[in-house]
Amino acid sequence: MKKIMIIVGHELKILFTDRQALALLFLMPLALIIFLTFALQDVYQSKVGKNTDLWVITTDPCTGPSSCAQLTNKLKKFNYGLHIVAELPEKSEAELVLVLPSNIDKTIQKLQAAKSLLPVDQIQILFDPLLDQSSRTLVESHLLLSLQGMLIERLRSELKGSALNVKITDVSQFSGLVTKSALGGVVLPNPIQQTVPAWSLFGMFFILIPLTNSMIRDRRLGVFKRLLSFPITKWHLILGKIIPFFIINVLQFAVMLAVGLFILPKLTGLQLDLNFDWWALAAITFASAWAATSYGLLVSCFAETSEQAHAFGAFSVVILAIIGGVMIPSYVMPDLMQKVSALSPLYWGLEAYLDLFVRKLSLMAILPRIYWLLGFSLVACLISSWRFRWTENS
Amino acid sequence: MKYAIDIQALELQYAGSNRKALTNLNLQIARGSFFGLLGPNGAGKTSLISFLCGQIETNSRTQYQKAEILGYDRQQIKNYKSKLGYAPQEIALYPTLTVLENLTYFARLMQAPFIEVARVIDWVGLGDRKNSKVSELSGGMKRRLNLGVALLNRPELLILDEPTVGIDPESRNFIFEKLLELKNEGVTLIYSTHYLEEVKKLCDQTGVLLGGRMIAIGPRAEIFGEGDLEKRYLELTGVETV
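Those protein sequences? They're chains A and B, same order as listed.
So the first sequence is numbered by our numbering: it starts at 810 and just counts up by one.
So the second sequence is numbered by our numbering: it starts at 175 and just counts up by one.
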């Protein structure tokens, strides 16, 4: 153990003098996380309801106690920028248009009389062809909730004064619940929940650049050859080499998480809440770090030169990141690609973090994904041990 | 124990190769000898050194009747590694670290006390450059330091693989003097080289390898006589390149 720690200390000393490597490991994921959180805000969160213009076309008066006024008041609570007009202006760039039937009061009364929420087929919603499906579903949900709210309020006013005192909560406050189930029960991460783990993992796998540098440098310099005549074993050397990079990986994630917890919320107004199992976070991070360092070790054992290792390493990490859902979330991929995703260790790491941050699962529930990471790491280490070369020509 | 190295019928073959790197090799080196190992490129010098230093794992492709190094069987390599010093042909040092940092790192791995670091710095004559980065040293200084690392554990057996390649005559002479000092202290030295004049100047025992076979071994004077070393070498090996 003492010999391993001597090698660990030595490697850390060399690594901390390599400013370029440190910049790559910390600044690259940091910049990606910050910029992509901003850039992808509308991808991971529907922009509908954030002062999005909603054109309401009606020929009825939309003031006072009219059904139109009640409905539009309800819709305002979802933060639409409402434009109530008799007909759409010719050159408008409307994305959302709600066409209310004439005499909507009668439609509402019919619904109320039925004492149930029938499909509101007489109200027409027109969408911009480019508007995504989740946003369309969201608008429909807002409309249904608004109608539902109106009906309940009317029911409440009719019951007022009667012996039955029913307390009915304004359903519009459940709008958040509807937002979360916009895609048929699939919970969508907010940009911070997605980008922090995704790009941290990406940066962690780039540990292969300094790790392969270290391994290939020692092989090229003849240091490995010299160390073979020392009273140390191959495993002393391999562990001494990968532990420092494992530590750097954990530090990388800690820094990115701190940015996600303390800086990004101030810049974006979004949250990466702390309501998760910290033991699970540690387990996922350690497993991901081991996977990343094992992959670096594997590449270093096959590559002949640093140039080869860098070119193949960077290319392979980008490919693993693409299929692993880092660059394009796996839930938007077609079925076949979602199956291919499972080949990437970044997929298991990212899904484990999303299980924790978004789905709020426990360590026990996340363990299968951690086992996949550990399995990948073990296989990579065993192949590396078999392929390990002490000298350039051995 | 008369011999520092006593090897009989060593056969060594690398994985994936259909040719033996060492064939029926017999080698006995008495303690305190200065043994010059000669042979053209590809003769098997590096393979022999790798075997002695433990850089080749013993397996079905490595066979021998006897292989004792410092009195221990080759299988018990752990027991003699602490008494072994090895200076590879490459400058196996970290160029971004200082002389002191390099020596300290290797000394700690060898479990040598820190006082040995100070001794070696003095021995290689780099006292005034101990805080210089290795990349800032001259070729001769790097060679001296490369040799110095192999002495941190005060070895009984020192194996040197072409330790004077590419250095100036001054540094070469410095290294020669220091190596003869070690011989006088009783250290056994194995010195692999392409320079015949170095063998003439330093070695009392010599072995010539060719195609993985030891074609000549014994006192230098017996093998080479006092005449033209190069001519005798060419007669032995039949090759023009030393």
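Treat the hints with care, since some could be wrong.
[To be verified] Rough simulated footprint, nothing fancy, chain A against chain B, three-plus residues with beta-carbon under 8 Å: (1) 220-230; (2) 276-290; (3) 382-390.
[Said to hold, decoys possible] Over the 10 Å line for every Cβ pair with chain B, so calculated as not near, a few chain A residues: (4) L1030; (5) I1041; (6) V1188; (7) R1196.
[As the list claims (entries may be wrong)] Not everything, but these chain A residues come out facing chain B in the computed CB check (under 7 Å): (8) M814; (9) I815; (10) H819; (11) R963; (12) R1035; (13) S1038.
In short, the hints are calculated from the structure, not lab data.
Backbone N, C-alpha and C fix where the C-beta goes; we use that ideal spot for every residue, glycine too.
Minimum C-beta separation from A/V1188 to chain B exceeding 10 Å: can you confirm that?
holds (22 Å)
Take a quick look at A/R1196 and tell me if its Cβ sits farther than 10 Å from every Cβ on chain B, holds or violated.
Holds: least Cβ distance 12 Å, greater than 10 Å.
Let's test the interface hint: is any C-beta of chain B closer than 7 Å to that of A/M814?
violated (10 Å)
Given A/R963 was flagged as interface, is its beta-carbon under 7 Å from a beta-carbon of chain B?
violated (79 Å)
Looking at A/I1041 again, its CB stays over 10 Å from all of chain B?
Given that some Cβ of chain B is not farther than 10 Å from that of A/I1041, nearest at about 6 Å, it is violated.
Against chain B, with CB atoms and a cut of 7 Å, does the hint on A/H819 hold up?
For A/H819, the interface hint holds, since the closest Cβ of chain B sits about 5 Å away, which is under 7 Å.
Quick check for students: does the CB of A/L1030 sit more than 10 Å from each CB in chain B?
A/L1030 is in fact no farther than 10 Å from some Cβ atom of chain B, at 5 Å.
Using C-beta distances, would you say chain A covers the region 276-290 of chain B, given that this needs three or more residues below 8 Å?
Our answer is that it holds, as 6 residues pass the Cβ test (under 8 Å) against chain A, meeting three.
Interface hint status, A/R1035 versus chain B (Cβ within 7 Å)
holds (4 Å)
Verify the coverage statement for the region 220-230 of chain B against chain A, using a C-beta to C-beta distance below 8 Å and requiring 3 or more qualifying residues.
Our answer is that it holds, as 3 residues pass the Cβ test (under 8 Å) against chain A, meeting three.
Counting residues of the region 382-390 of chain B that have a beta-carbon nearer than 8 Å to any beta-carbon of chain A, does the count reach 3?
violated (count 0)
With a cut-off of 7 Å on the beta carbons, see whether A/S1038 makes it to chain B.
With a closest approach of 4 Å, the A/S1038 hint holds.
Of the hints listed earlier, those the structure fails to meet are numbers 3, 4, 5, 8 and 11, in rising order.
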